[in-house]
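Listed below, chain by chain, are the residues.
Protein chains: 2
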Amino acid sequence: MSKEVIMKLKKETMSELVKNEAGRWVPVEVNGQTQIPFKGVAAYKPRGKKFGPAVSSCADYPADGNKQVDSLRTALVKAGLRDGLCISTHHHFRNGDLLANQIFDIAKELGVKDLVWFPSASFPCHEHLIPYLEDGTIHHIEGSMNGPLGRFASEGKMKGVGILRSHGGRYQAVQDGEVKIDIAVIGAACADSFGNANGLYGSSATGLLGFALADSQYAEKVIVVTDNRVPFPCVPWQIQGNYVDFTVQVDKLGDPEKIISGTTRITKSPDRLYMAELTARFCEAAGIIKDGFSFQTGAGGTSLAVSEYFREIMQEKGIKARFARGGSNKYLVSMLEEGLIDYILDGQTFDLEGVRSMSENPSHVWTSPFTSYNYHGKGNFAGMVDVVILGATEIDLNFNANVVTHSDGYLLHGIGGWQNCLFSKTVILPVPLFRDRIPVIVDEVTTLCGPGELIDVVVTERGIAINPLRKDLLDAVKNSGLPVKTIQELKEMADQICGVPEKPVFDDQIIALVKWVDGTVLDVVRKVGEKP
Amino acid sequence: MSKEVIMKLKKETMSELVKNEAGRWVPVEVNGQTQIPFKGVAAYKPRGKKFGPAVSSCADYPADGNKQVDSLRTALVKAGLRDGLCISTHHHFRNGDLLANQIFDIAKELGVKDLVWFPSASFPCHEHLIPYLEDGTIHHIEGSMNGPLGRFASEGKMKGVGILRSHGGRYQAVQDGEVKIDIAVIGAACADSFGNANGLYGSSATGLLGFALADSQYAEKVIVVTDNRVPFPCVPWQIQGNYVDFTVQVDKLGDPEKIISGTTRITKSPDRLYMAELTARFCEAAGIIKDGFSFQTGAGGTSLAVSEYFREIMQEKGIKARFARGGSNKYLVSMLEEGLIDYILDGQTFDLEGVRSMSENPSHVWTSPFTSYNYHGKGNFAGMVDVVILGATEIDLNFNANVVTHSDGYLLHGIGGWQNCLFSKTVILPVPLFRDRIPVIVDEVTTLCGPGELIDVVVTERGIAINPLRKDLLDAVKNSGLPVKTIQELKEMADQICGVPEKPVFDDQIIALVKWVDGTVLDVVRKVGEKP
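If you read the sequences in order, they're chains A and B.
Those letters in the first sequence? Residues 14 to 545, by the working numbering.
Those letters in the second sequence? Residues 14 to 545, by the working numbering.
The shape of chain A in the complex, shown without the other chains:
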């Protein structure tokens, strides 16, 4: 493309962009839908009514409650699968999902075009769908694109623009009617023919099904697919059959080894263990670890190590946590069983111990993006958590953070519950100073996912930076002997070791939006360009 053409395109594109409150240029319309620019962390006030799908009547459903049809294809056809519909799936099967690909295989066979795929997340196993993105079976993906699909989008090859939302933002978008789901397909490890379903029992056990909750409540048509049908009633019903139109039995929903780890493992890297230790020591020094406190660590190797350090401190001091937020894993479960935690409030189970505990222990409670993360509710659980430990691909000098793109500009991760967790009372990001000789702390994040005002502490193997907005934390750890630095100091250390990294080159084409928790547009992701 000539420079003139690019400039012309740039001008045309820019004319549709506005600068949002975070200083990012964002479009006012995408995929034919009006978009609201980010107004500030808590500034946008919604005005509408919650979405209402069509009222149903029992007169249109089998009197004996048996909604079983012979195949997924039949269910999709009966649900009215046709051009342009929005089809939702959930990601509890993670990279072991065998269901989503089948839906679009069927759509392709039926010659259906321009579908919107609305997964709660997509994984490398969904690379299978790239031909359907190319041939127009799928118009675009609204949902996180982990790995190959993200790379495909970053190359500018997706017809529509991807929309990235947090778990809570996804619930919000469905509840508020921003995304109208035509057909929800919900895979469940255990279900009855009425459609009551859970993720607790069976070879495709996922623990829970919360990521499909909004889909069941708000989609026009709901299909429950199981490889483990039980007689009515399937108890507990994490998904209520009263929302379900059709049920389908299949041989195999997922690949158990890829759904869930048989075992989760703590990092063995000395640097990461040190970061974890620093994080825990920081929490102790800041007075966060006290009787009745609450925490969310996550399931990465470093996070698991943080939990273990928490355990040591709690045991030593005789402290009990009121609750921990999952993703659950065997470490958290053992803390629950030892009585160090009163409750696990869980959003997803990361290993088999998590599944077992949830199925046995009433204090291991399943939650949903509605209870935990929906910003357009009357409060949610995220704000009540004392401390949350999260990751990031990049953090900038204003504590803004990125979780979706790498420093090379490629979109390779989803947002997950990350944005939602930023509302915790203290947000700590333990990150290495650099990865593959690319500094993590940068002048300005490639993609803005989390406004710096919500990010309190950055812990690296070379020191801890505290957001100047948190004077209370700065004061609390003043005499703790912890290696507190400014974020500028941390950046300089990284730059000295790695040199100043090359910046990625972008085309103007917007390939994805990053939504804030309230549905406004926080930032865009652009097509990665060729280096000159």
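Please keep in mind that the hints were generated in silico from the structure rather than gathered at the bench.
Since the structure is predicted, the reported quantities are computational estimates derived from the model, not experimental observations.
Note that beta-carbon positions come from the ideal geometry of N, C-alpha and C, so glycine has one too.
Hints are all accurate, no fakes.
From the structure, some residues in chain B lie toward chain A, with a derived Cβ separation under 10 Å: (1) PRO59; (2) LYS80; (3) PHE336.
Model the placement of chain B on the given structure of chain A, informed by the hints.
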């Protein structure tokens, strides 16, 4: 009133009435709202969208999740209590409720007028509200009026027209936006300051809170009141705090002895025991009691006896039920614990054993009017129950039944889940042939609550009448030796004993509507007139 005036009034009133599919004259408008006449049991097809209350934002709720205010009065004022609003309550406290009266005491103090009270049921303890119905604080009651309030309405003294709905019909009306709840006040035996609540623990324990589910989901403002506040999280959350605006702590919500029986008791009347035995023998002969079957009996003395006869038959034959529907009681709980029932699917607990079992046993499952009874869902549980045992105040020769008025014309009972249960595969009404020398089987029911086509069997102490529509049942028990009669024969027996009873006299004034499960108007209740 002169005869001329009465005739004129009759004409004026009649001009607004239409004859519905059940042959009853019903008004097309009541309380300023358009009404749809009953179209047939499953004939009316809803066309709208589910109601959506206003979208909220976490920005408007306390960041730490603490929604506690200092009093119910403060909560009501903050919720915007003013003239003409619709205030909802639930009836899990039954005749021990100390909360509903307080709401209207506050309304009276504040000088608020013309409120609509939308309880899931009202009880004799709410007689306290009669002065507020008289002075215009409350305009009318939408909900069942057990006892004194029903009598008050029957005397033509309520300003508006009462609307009687089944439990499922109440959920349907709220979901469909027929009733828009402005403020829901939910009393909970156990709750946290965020609003998560259950009925399981505490001195006002009610077991569950399902009757308040629709209120929490669809009301514009929701207040949770508890006398047993626990630290977040209150687990399990039968009511989700994410729907709640304000929480209030009080000393005492209910009078435990009147909320729940310490003990439920089987009838000792020989006639009723015989009816119960006949009912059970009928079910056995008809092949209903078989492995994996399901039943709902209820908590009346006769119903409890039916359960006990079921137990004997099941033990004898080595039969296990897949599930029983509650109202639960100690008899049902013991069957669950003995392994005679896989699950109790419970809508309300009638005694302390029910509460205990529900709090301990994951197979004792709490349900709601949504899962069990909502006719405007994608199916519900009621249709899946093999046999249900219900009562009636009157049954006519077409098997139509009445549960709300007595033969003297007074409105003294609510519909409860009765209409919803009529969708069970077999509906049996064990009723005495007469009560206080008033025959139960009549030419035409005073008030039509259940169309005869849904009522399969009437069991009396003098014989069993099977609806001619159920040829299968007639055939099944042909050679059983059971005393099968026609319903005409039963009526003749009663008339011979009691003589033909005096008919009640009614004024034209319509004092209440009886809704069908789909929101259409099945019948009206009129003011009881003076006998000439």
